[in-house]
Structures are given as structure tokens and as C-alpha cells.
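Model the placement of chain B with the ligand on the given structure of chain A, informed by the hints.
One letter stands for each residue in the lines below.
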Amino acid sequence: MSAGAAALTLYDKIVAAHTVRRIDEAHVLLYIDRHILNEYTSPQAFSGLATAGRRVRRPAANFGVVDHVNPTLPARTAYIADSQAARQVEYFGENCRAEGIEMFGLLDARQGIEHVVVPEQGIALPGMVIACGDSHTTTYGALGALGFGIGTSDVEHVLATQCIVYRPLRNMRIRIDGELAPGVSAKDLIMAIIRRIGVAGATGYAVEFAGEAVQRLDVAGRMTLCNMIVEAGARGAVMAPDEAVAAFLQGRPHAPRGANWLAAQADWQGLRSDDDAWFEQDLQLDAADVAPLVTWGTSPDQSVPITAMAPDPREEPNPERRRAMEQALAYMGIAAGAPMQSLRIDRAFIGSCTNGRLEDLRAAAQVLAGRKVAPHVRAMIVPGSSQVRRDAEREGLHQIFTDAGFEWRQSGCSMCLAMNDDVLGPGERCASSTNRNFEGRQGRGGRTHLMSPAMVAAAAVAGYLADVRSVGGA
Amino acid sequence: MAVFTSVSGVAAPLPQANLDTDVIMPKQFLKGITRDDLARGVFFDLRFDAHGAERTEFVLNQPAYRQSRFLVVGPNFGCGSSREHAVWGLSQLGIRAIIGSSFGSIFQDNCYRNGLLPICLLPHEVQRLLVLCADADCAQLRVDLLEQMVELPDGSRIAFSIDALRREDLLNGRDAIASTLQFAAEIDAFEHSHWRQHPWLAPKLAGE
Ligand code: SF4
Chain A
1 MSAGAAALTL YDKIVAAHTV RRIDEAHVLL YIDRHILNEY TSPQAFSGLA TAGRRVRRPA
61 ANFGVVDHVN PTLPARTAYI ADSQAARQVE YFGENCRAEG IEMFGLLDAR QGIEHVVVPE
121 QGIALPGMVI ACGDSHTTTY GALGALGFGI GTSDVEHVLA TQCIVYRPLR NMRIRIDGEL
181 APGVSAKDLI MAIIRRIGVA GATGYAVEFA GEAVQRLDVA GRMTLCNMIV EAGARGAVMA
241 PDEAVAAFLQ GRPHAPRGAN WLAAQADWQG LRSDDDAWFE QDLQLDAADV APLVTWGTSP
301 DQSVPITAMA PDPREEPNPE RRRAMEQALA YMGIAAGAPM QSLRIDRAFI GSCTNGRLED
361 LRAAAQVLAG RKVAPHVRAM IVPGSSQVRR DAEREGLHQI FTDAGFEWRQ SGCSMCLAMN
421 DDVLGPGERC ASSTNRNFEG RQGRGGRTHL MSPAMVAAAA VAGYLADVRS VGGA
Chain B
1 MAVFTSVSGV AAPLPQANLD TDVIMPKQFL KGITRDDLAR GVFFDLRFDA HGAERTEFVL
61 NQPAYRQSRF LVVGPNFGCG SSREHAVWGL SQLGIRAIIG SSFGSIFQDN CYRNGLLPIC
121 LLPHEVQRLL VLCADADCAQ LRVDLLEQMV ELPDGSRIAF SIDALRREDL LNGRDAIAST
181 LQFAAEIDAF EHSHWRQHPW LAPKLAGE
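If you read the sequences in order, they're chains A and B.
Heads up: the first sequence begins at 1 in the working numbering, then just goes up one per residue.
Heads up: the second sequence begins at 1 in the working numbering, then just goes up one per residue.
With the rest of the complex left out, here is chain A (with noise of 0.2 Å):
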């Protein structure tokens, strides 16, 4: 075998030191380390292993996480209005207990959006396989760790077995090279990414990120990236963990320590691609090329830089595509080459697993610093988690998003799938910072346009969609 043959990439090494054995030349059975719950994903998945006589095989291994279903009202108490969310969250708990699982339940001061937890208790570690019952779980990437969402079916079968019947995937590097330019993040980034590949320009592959501009992202900003490639179709995202991310880890509750912190780098320095491992598909990007980037329509690739115009669809060749912008500015009430500035909001969002942290927060806080929300603009900042909301007072960010008219509410998913009752009416217009822009995602005709946090607040300020670098503060 040629030294190129045996080369290979850290999804590759990653997969192989999982592998329990082999099913047949497309499946292996794979090892999670962990797996992580939530109250909608989950409840079928218990019922059917207590159907089934069965246990959970590694309970210590399992962490549940309340964040769907749950109001963010700035008072948080254990009452939910709505019956059926209270019920799966009641439903969660009992099967949590009942099975010894560790879980970060509403009224815990841990308690936030599964993929901002996560991380933040040093759950997810470099090296790890990671599953759980959401498709950001590619979010654990940013720290060596292989995520991955599945469905309900797999989640039982985690719990019954610890092990995934998994199909390897194929390998994509993207490469960013060069520097951000001001008011440019990393949500601009992978917005840039997913626009250029397109939604399902992914599929079918784990995504290695790697360049001096990712690099040079802190990690909240690689999470980002990982987190949102999932809208690419991917299935997966890695990057090879360095001393950022070791920075990260250390002292949290669930990272190593002592000895066992001391060999944990050690085997950490192993966990990246080999020089001439090999990629299906190496892109390239050059971060000094992207600008802030707002989406138009319904899809995350829908996507234009905010000085930009709406497209026309008249200027679209393929008729399959041109009836698919014109559905989308349809059911989005934009006409044809309007500029996205021109665009008039009625809501602003911050918040998600995509943008919730407190990176995030400040971001968002330096464009408020000594503004007003625009007077028709109802404007919310949804923290990543309750230890993000709790980091952002320490800061005082509280008080510039509230003396800017913000709402500075409790942590949960809340408006980014609107699962709880924080939603948008019908026809309602909303800067965002998730990481969907689906007909009816944050509410049935309302209209999501996804952007960075930083140009969420410089639109509730203009009243409409706005460039931050021109607002200013970023």
C-alpha cells in the first residue's frame, strides 16, 4: 500500500476508532459516547423501549436537555401554559429518572439549548461521536468531536445499545483562508458557504473545515460554522481541535482533569487529517471576498449580501428554478429586485443554537450600545442558555438590550421553530439570527429573513433590513 493509501482524514480516524465491528462493505457499528436528549425527540423512544422490556444500556453516557417546548418569559417558573408541552416535559422527566440520566431540566441553572449546553459543560470532548435526536448536532465539530442528528427510531436504538448502525461518509474540506472584513462573522461565513454549495451541496458528506480564517475564530464562531452546515446537508462537520479549543474545555464541569486532562491533550494533538489524506471535494473560500449576507426567501441558500437586490426571476434561465423564486418571494412579499434595504420588519429575533451565545450577545450589544429599537419593531434576545443569560448580566448586556427595547427573555428554542408561544403572526416580517428560513418555520406565514445577530440589531434599530457597517458599532 502506498503511503497516500493509508492516509487519512480526522472523520476517517474519528469513525475507525469507533468502528465495534463491521456489518457489510457500506455500514459499520458505531460507538456513541454520548447522547444527548430532548423532550420532543425522545418521549417515543422511551415508550418504546418499555414496550419493548428494555433498559438503557449506559445511562451515565445519556444527558437530557428541556429547550423546545419551554416559554422563555422573562420569569422562568416550572408552569407551561400549553397542556401537551407540559405533558412531554413532565413525560421527560419521568423517563429521565426512571432511567438515571442525567438531565438539565427547566428550572435547572444549566438549562439552555441542547447544542449551547452542551459545550458549555464540557460534554463534548475532542474525539468523541456524539448523536442525538436534532439535526445542529454537527455544532460538536468545532471541537474535534463528530456530532450528528437522528431520528427518533435511532435514538431508542442509542439508548438500547450505545451503538448506531452508521454508513460512513464521504469527505469534503472547505478551506477558508484570508480575514473577515469589519461587520463581517462567522454566520456570514457559513451563510457565504451554504449559498455557494447550496442546500443539499453536502449531502452525503462530513464536512472538515480548516484555513487561517477558521483558525482564527474563537470557538463560539467555529460552532457556528458546524452548527449551520447542516443546512448544506451535511452530516457531519469536524475540525481539528487546537489550543482555542483546549482553552475552552478546561475547568468545565464534564471536562477531564488532572492526569487524565494531561493525557487527553496528548492524544488530542492526534485528532486531524494526515497532510495527503484525501477529499472528494476541497472547496475554497476566501473570507476577505464576503460580505453580510441577509436570505430572501425560504431556503437557507436563498441568500444575497444586504446591499444587494432581491432577485428577479425573470432573469432565471431554468423555469424549475424561476417558479421556485418566485414561490418564495410570493409567500415572502418581496418584489422582484427590491433592495433588501427597502424591506420594512415587524419583529427582530436573537437567539438559537446557531447564535445564542454570549459572543453572540455581544456582538449584538455593541450595535445597541445607546440606540432604540426602531417604535414598530418588537424585538427579542432569547439566550443560548440560562449560564449565557446569567454571563450576559455579569456583563451588563442585559441592561443595553433593555434600555434599547429589547426583551431580554429566558433560554430555550423559543422563535427559532416557534414550538412554544413565541411566534410570528401571519404576513410578519423578522430579522433573524437562526438558522431557518422555512415557509411557516417561526410561525405559519411568517416571514424569517436569516442573517448575523450583529445585523438583527442594526435592523430593529432601522426598522428595516440594515447593513450593519453602515449602522455602525460592530
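Any given hint could turn out to be false.
Claimed, not checked - Below are the SDA-like pairs computed for lysine to any residue, each with C-alpha atoms no more than 25 Å apart in a straight line:
hint, chain 1, residue 1, chain 2, residue 2
1, B, Lys31, A, Asp108
2, A, Lys372, A, Gly427
3, A, Lys372, A, Gln399
4, B, Lys204, A, Gly427
5, A, Lys372, A, Asp391
6, A, Lys13, B, Pro199
7, B, Lys204, A, Lys372
8, B, Lys31, B, Pro15
9, B, Lys204, A, Ala109
To be verified - Label pairs and their in silico Cβ distance ranges:
hint, chain 1, residue 1, chain 2, residue 2, range
10, A, Gly251, B, Trp195, 21 to 27 Å
11, A, Ala78, B, Ala53, 37 to 43 Å
12, B, Met1, A, Tyr79, 34 to 40 Å
13, B, Arg40, A, Gln284, 44 to 50 Å
14, B, Gln92, A, Gly427, 28 to 34 Å
15, B, Ala53, A, Gln284, 33 to 39 Å
16, A, His376, B, Thr34, 41 to 47 Å
17, A, Arg22, B, Met1, 55 to 61 Å
18, A, Tyr79, B, Ala159, 32 to 38 Å
19, A, Lys372, B, Thr56, 26 to 32 Å
20, A, Gly427, B, Thr56, 46 to 52 Å
21, A, Gly258, B, Arg174, 44 to 50 Å
22, B, Met1, A, Asp24, 16 to 22 Å
23, B, Ser156, A, Ala16, 40 to 46 Å
Treat the hints as calculated values from the structure; they're not laboratory data.
Ideal Cβ placement from N, Cα and C applies to all residues, glycine included.
For chain B with the ligand alone, coordinates are given in the frame of chain A:
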């Protein structure tokens, strides 16, 4: 799990690209703790207007397509959220197979887990079926998993390939967990050596 061998029935065309699982099963139907009663939620905003009345223009509301067993769909069907409720609902609505050129990857796995067959064809083959099925009189297909082919009303056939393991699961209605549990001893042995090599990865209960 439902066994799939050969199924005949009506196929409804849904050519729109990137129909995501939020559209297939909106959030208000995700609040249950069972898999039941999800048929009404499928494509809810496309099937029903704001007052809950059926939208007559939506294909599954048209008399000829009400009993559809198959969907012929646009690219990247089922992208987005991992919610398996989308697949449960489609099954409860009577859908047995979905034919498209590509699928969201978690959605595709969820289909296999529930006896719903996702069939990947080449874009021009899907296009041919979309055109055919748009005419209600020609929308009758037979999908045969043993022979791995879709049979058209004129008797012509389109072959498809499928992951061999998933095919076996569907043909036999196999319990995936039971299959994996055959290897329980190997999983034990794996854990043992995995944690010996990487002691910091061994999970600990709170307080341990
Ligand atoms: S914040 Fe949004 S994307 Fe993230 S887990 Fe919650 S609902 Fe999903």
C-alpha cells in the same frame, strides 16, 4: 416495522424542490408523546387553509390522488429538521414509498426505520414520473423491492438501487435493535478497550 415487498397504487406528484420536514409536519403536531394521530398534520399548511378547510388545489386533496400510496417528489425532499414525526405522518396517511432524486439524509434514515421506502432515481427518470403522474389516469405505479424496480402503467420498468442492508430490513420488517443486541458482547469488549485507551471518555454519573 411494516414489511415492504411489492405495493401498487396511485402516485401523487409533488415537484417542488427542498420540501423540508417543517412543511411536511409543522411544529404544532410535534407535541405528543406517542406516534399516533399524525396523518392530519402531513403538509398541513399546504392541505388546509387558515380556517382548516381543505385547499382543493393541493394534489392530495384531489379525488384521484386521495388514496395515493406513493409520492413523486422534487430534489432534496425531507431536508431540515430530524423530526421523525414527518415519516410517521406520511405512513399514517398511507404513503408507502417516495420517489425522488435526492433526500434529506436524516429523513431518509427515518424512512427506512419505519417501512417507508425512499427510492432514489436519476433526475430525468423522476421528471418522467412527475409528468406521467400529473395525469391522474396514468398515475398508477407498482413498486417492487424484491426486483428493485418501479413499474409504469404501460408495463415499462425503471430499476433502482438501494442500500443492501436497508433492503433486507424493509423486506423482513427487521427489528434493528434486536439485530444490534446480538453483538452485545462485542460492544462490551469495545467499550472496555476504548475506555482503557481514552480513560477520559468513560462516562461518569454525577457525583462519581
Ligand atoms: S435553537 Fe433551533 S435549530 Fe437549535 S436546537 Fe433549537 S430549534 Fe433546533
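Okay, the hints, checked on the actual structure:
For the hint linking B/Lys31 to A/Asp108, the alpha-carbon distance of about 22 Å falls within 25 Å, and the restraint holds. Restraint check for A/Lys372 and A/Gly427: the C-alpha separation of about 24 Å stays at or below 25 Å, so the hint holds. The straight-line distance between the Cα atoms of A/Lys372 and A/Gln399 is roughly 12 Å, inside the 25 Å bound, and the hint therefore holds. Using a Cα cut-off of 25 Å, the hinted pair B/Lys204 and A/Gly427 is violated, with the two alpha carbons roughly 49 Å apart.
Annotation: proposed proximity of A/Lys372 to A/Asp391 holds, straight-line Cα distance about 23 Å (limit 25 Å). Note on A/Lys13 and B/Pro199: the hinted pairing holds, with a Cα-Cα distance of about 18 Å set against a maximum of 25 Å. Of the pairs offered as hints, the one joining B/Lys204 and A/Lys372 is violated, with about 48 Å between alpha carbons and a cut-off of 25 Å exceeded. Using a Cα cut-off of 25 Å, the hinted pair B/Lys31 and B/Pro15 is violated, with the two alpha carbons roughly 29 Å apart.
Taken as a hint, the B/Lys204 and A/Ala109 pair is honoured in the structure, with Cα atoms around 20 Å apart against an allowance of 25 Å. Roughly 22 Å separates the CB atoms of A/Gly251 and B/Trp195, a value that falls within the hinted 21 to 27 Å. The given range of 37 to 43 Å is respected by A/Ala78 and B/Ala53, whose C-beta atoms sit roughly 38 Å from each other. For B/Met1 and A/Tyr79, the Cβ-Cβ distance of about 39 Å falls inside the hinted range of 34 to 40 Å, so the restraint holds.
Hint check: B/Arg40 to A/Gln284, Cβ distance near 48 Å, so the stated range 44 to 50 Å holds. For the hinted restraint 28 to 34 Å between B/Gln92 and A/Gly427, the CB-CB distance of approximately 31 Å keeps it satisfied. At roughly 52 Å, the beta carbons of B/Ala53 and A/Gln284 sit outside the given window of 33 to 39 Å. Take A/His376 and B/Thr34: their Cβ atoms lie about 43 Å apart, and the range 41 to 47 Å holds.
The given range of 55 to 61 Å is broken by A/Arg22 and B/Met1, whose C-beta atoms sit roughly 24 Å from each other. For the hinted restraint 32 to 38 Å between A/Tyr79 and B/Ala159, the CB-CB distance of approximately 57 Å leaves it violated. Look at A/Lys372 against B/Thr56: about 48 Å separates their beta carbons, and that is not inside 26 to 32 Å. For A/Gly427 and B/Thr56, the Cβ-Cβ distance of about 23 Å falls outside the hinted range of 46 to 52 Å, so the restraint is violated.
Roughly 45 Å separates the CB atoms of A/Gly258 and B/Arg174, a value that falls within the hinted 44 to 50 Å. Against the hinted window of 16 to 22 Å, the Cβ-Cβ separation of B/Met1 and A/Asp24 comes to about 19 Å, which satisfies the hint. The hint said 40 to 46 Å for the Cβ distance between B/Ser156 and A/Ala16, and at roughly 44 Å that hint holds.
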